[in-house]
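Trainee: Given next are the chains, with one letter for each unit.
Protein chains: 2
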Amino acid sequence: MAVSDYLALIVMAIAAWSQYRCYFLQEELSRCSEKEELGNKVVSQSEIQEHLDDGEEDPQIVDRRLLAGGSSVWCSGSNNTDRMCQFHNLCFSQKHKEFVFLSGSKSIAFGLPENPFDPALVDLSSVPNHNTQYFGFSHLPVAALEDTNTVAVFRGKHLLMNRFNPSNIMHVFHDDLLPLFYTMLQSGLMAKGDFKPTARLVFLDGYPAGEFMDLYASLFNYRPILRDEITSDSDSADQDSLVCFEEAFVGLSNVTTWYQYGFQVPQGPVPNTLLTAREVRVFTSFVRNQMGARRCEASDDYIVLIKRESTRLILNEMDLVTLVAQGTGLRVLTAGLEDYPIKDLIELVSCSKVLIGMHGSLLILSMFLPVGSMLLELFPYAINPDYYTPYKTLVQLPGMGVAYRSWRNWSPDRSVGHPDALPAHGGIRHLSRQEQKQILTSQEVPQHLCCSNPDWLYRIYQDTAVDIPSILNLLSEGLQECQQSRTEIAPHFPVFPSKVGGIHCDRVKGLRVSWQRPWNIEYMNTNEVRYELWTQETDGDDYKAYILQLEGYTFSEGYEDSKSYRVWVRCLVGSIKGPFSSVVC
Amino acid sequence: MAVSDYLALIVMAIAAWSQYRCYFLQEELSRCSEKEELGNKVVSQSEIQEHLDDGEEDPQIVDRRLLAGGSSVWCSGSNNTDRMCQFHNLCFSQKHKEFVFLSGSKSIAFGLPENPFDPALVDLSSVPNHNTQYFGFSHLPVAALEDTNTVAVFRGKHLLMNRFNPSNIMHVFHDDLLPLFYTMLQSGLMAKGDFKPTARLVFLDGYPAGEFMDLYASLFNYRPILRDEITSDSDSADQDSLVCFEEAFVGLSNVTTWYQYGFQVPQGPVPNTLLTAREVRVFTSFVRNQMGARRCEASDDYIVLIKRESTRLILNEMDLVTLVAQGTGLRVLTAGLEDYPIKDLIELVSCSKVLIGMHGSLLILSMFLPVGSMLLELFPYAINPDYYTPYKTLVQLPGMGVAYRSWRNWSPDRSVGHPDALPAHGGIRHLSRQEQKQILTSQEVPQHLCCSNPDWLYRIYQDTAVDIPSILNLLSEGLQECQQSRTEIAPHFPVFPSKVGGIHCDRVKGLRVSWQRPWNIEYMNTNEVRYELWTQETDGDDYKAYILQLEGYTFSEGYEDSKSYRVWVRCLVGSIKGPFSSVVC
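Going down the list, the protein sequences come from chains L and P.
Those letters in the first sequence? Residues 1 to 585, by UniProt numbering.
Those letters in the second sequence? Residues 1 to 585, by UniProt numbering.
Treat the hints with care, since some could be wrong.
You can't tell identical chains apart in this list, so a pair holds if it fits in one copy or across any two.
To be verified - With a cut-off of at most 20 Å between alpha-carbon atoms, the simulated SDA-like pairs for lysine to any residue come out as follows:
#	residue 1	residue 2
1	K577	S78
2	K563	G540
3	K437	G262
It should be emphasised that the hints constitute simulated quantities derived from the structure, not laboratory data.
Just so it is clear, the structure is predicted and the values come from calculations on it, not from any experiment.
Starting from the given sequences, assemble the full structure and let the hints guide the process.
Mentor: So, in structure tokens, the structure goes:
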């Protein structure tokens, strides 16, 4: 990539990011007071298994001889978005506010790119190629460590990452928790049998702990370390201290992300995501297990209606609850983050028959909906449901077994906008009269980039008096569909035939080769079986190739009785190729 | 790669491999009796730390519900030679003699190539792309497991691999032990601080335990499992049993290999190997540590002469020992595998001043030679030392600090050939009279492919009466050189500048930007420091780029006082680029 190319990307990303931050500014501001309390942030002890070894709980001032051999690093992957790096003795310099690699006599480095700043070594977040998420480090000879430096080493394994937007539960699950689970599995930071995490999280994003800290902590068993805890400002600038991690894995895998937020093209599903229902279910089952959630029971015949307290309201919520209960014969529970801790919401949704809500972050809980349930997503006036599909994409992943319906308010009369609100909450008074008019009269928000399109913000923050009869229709449709839902999960990996068996050669007339079908073909549900056969003179380089339909063939021409031949055979199932077997004839 | 391409490769590799096997046939045959004793193979208990958890020591017949969720796999890398895969519940079917992936409701697969048999998923050996080293597996739905199947599961972590040639100590170190060490470090199977292995080795090569089994076992703490132990033939063919591994890492990294054996081009150094003295020293220090080896002492002033018992003899060995001792004033110890266990040889060489020997596998121990020592390699008549350089390449890796000299017998009179020996040991009586004559009269073996060139075999198996005066000269030269040897190990990774500090902007006249040198530049020993600077209108897309020599510059033209600009600066050291810092002006 030429310098000019990626610089342009950086510029775009910076612009988009600064807008994105504005979008959440309000929430951020309200939580700033937490920042001061960080040092004392207490995570419920009963929910978190602390480090097995108490000695690992806190960094220790240690003899710097521990670092004497220097740092080491191993990376795999070909660019910053798919690279994973693991370090030994990765340190953070409090004076320079940079990570440093201590070059020492035992320093090993494999897999580093030639230039780790083109544009970055590793993305700290699963959101790819975003310039606020870049990780890099500087070099320092280990001999340059002064005697007066203080050194603290966190022993054991750590996973260093950025939360992308820790105040939004949709982002928490999509960008952080699901990627964390699969990153840990892939990096050997979690036992693959019982999913027991063995690494401590380190959040480098600089955000305060946030309201979902308990969720990270209880899923991954250790209290995460926040950036503030390793970048203490209390040291004088002359006195450098190092905070080091004995083992540090850096970066989050993005193989499970299914949605992109519109930084470069309008938001939408990630093309060719590798995620299927299988990965979602393995993850949600892990989450429920870590939470000690109860099993669902037959009596769990209820609908969960996501309630919002202050914005994007359902104006006729009470009527909706009553009539949906009447119309479906199911109980309707309303729930939101104001009433329930997130863990209770997860447990509630996990056993529910239907999840209903206005388009919004809590609908991410639809990943917990059981097979045979339904998600009904409601959209305010002038918002096209086809353009905003993080939840639809999720529940429609192959094999999820969850019906999806969206309801869209087509009637401006049933909509209440808030032109006087703050711009981040859909206010438009800061715009010119003409711009305001254009927004107020448009019938659909055109597709747009993230994150501060005022047209989108105005419309998405409208309150809505929903049309209950059409919602009842959609519910009825969806409930019928989900009763029939099958959950055969097509694996996203190729399934291939085994070797052919009993390959046998007969030289009576020409060359007769026979074999048996691969032993696992009976499990492949296919009748597209063919065979690829190659022959070669044992002492020569010439070979011939054939595609055959049956488990044997006699080659009468072109083969001499006096010569010996090597024959390879493999099975083809459609375009999928099995391994070769061979025999000398 | 087209089918025809890799098939050609396979054909070549098969041909080369079958020749290679012949080369070692003699040794193999003499060890066949071991095969029967395998089940009872006892590895010295005092040297091996058994599994921490006794319950993991042996596979257990288990409830097959352990496998009910199916297998999972994660691979990274782009082809079979650089790919690493890790499995959960990887099973071996005794009936079908294939590894199987149990497709179940919890099966996860990330990073599989579209066709794992083009030509293979993973190389089991560090010797790349060799068709005897290919790993693949078949699929089986977990539901297809019959009730009558017996299932044994090895709990915990395992590393599955092929030894390439376990009867040859050069191959053991180059192909297996060194790659194992770095594969384990990279795969999280070994703590990066204290190098404590946490995985058990599984050798799929099918060779018997072999004389170096103790070495594998004591370095990696567990008794390795042999292929025979998981492919028992005692079960009836109708009754399938599965042997499964709870966690299986498959494949050996080849990043540390430095020599290729001439399968496709004549043997020689691996081009652009990533190995430096640093990786060798970290490994040998690990080996010595695991063996509990003593520290070297000042009194260790001796030469080790590698002795061969039956082939490639030094005919005047006694004179050589006496005169070298006289000429150098150092003790001369003769040692070979017949007299010493390999561990004692390692300890001996680790503290020696000089290692002398005829070209042969024990010279691999030169990796243990201390800094400031010397390797003197002797070659029989008509063998060009420049064509056979595994040991020279090793000790001349950047930073090894070991002097190298080779001595070549130029005189046919000092050479005794063995034309009547077995072909694998240099006999030529199976050849035509003319071929024999050609070999006997040639003055140098031309470069050739592996592994059964009779010219090479005849010459390399000659005994030699070495020329002691010229050897004393080489010793004197080498000892002088190695006293001066420096051991500054140039790291094989790029060292780059940190961010520029204190970037500052002044808008008094035009645009004045200043900054400080990167804080780590003082450690980089360079005076090639330049800066790359980019400016962009905050609200625009146009940017300008500059390369500057100093830590500041005033741009007087082209910048408007009314506009704000974003400025990026980074440091360039030669072609190495640091990270950007930015400021808004």
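Trainee: State for each hint whether it applies.
Mentor: So, going through the hints one by one against the coordinates:
1. K577 <-> S78: Between copies, since 18 Å is at most 20 Å while 27 Å is not.
2. K563 <-> G540: For K563 and G540, the Cα distance is within 20 Å only inside one copy (10 Å; across copies 76 Å).
3. K437 <-> G262: So K437 and G262 fail the 20 Å test inside a copy (25 Å) and across (77 Å) alike.
The earlier numbered hint that this structure contradicts is number 3, and it is the only one.
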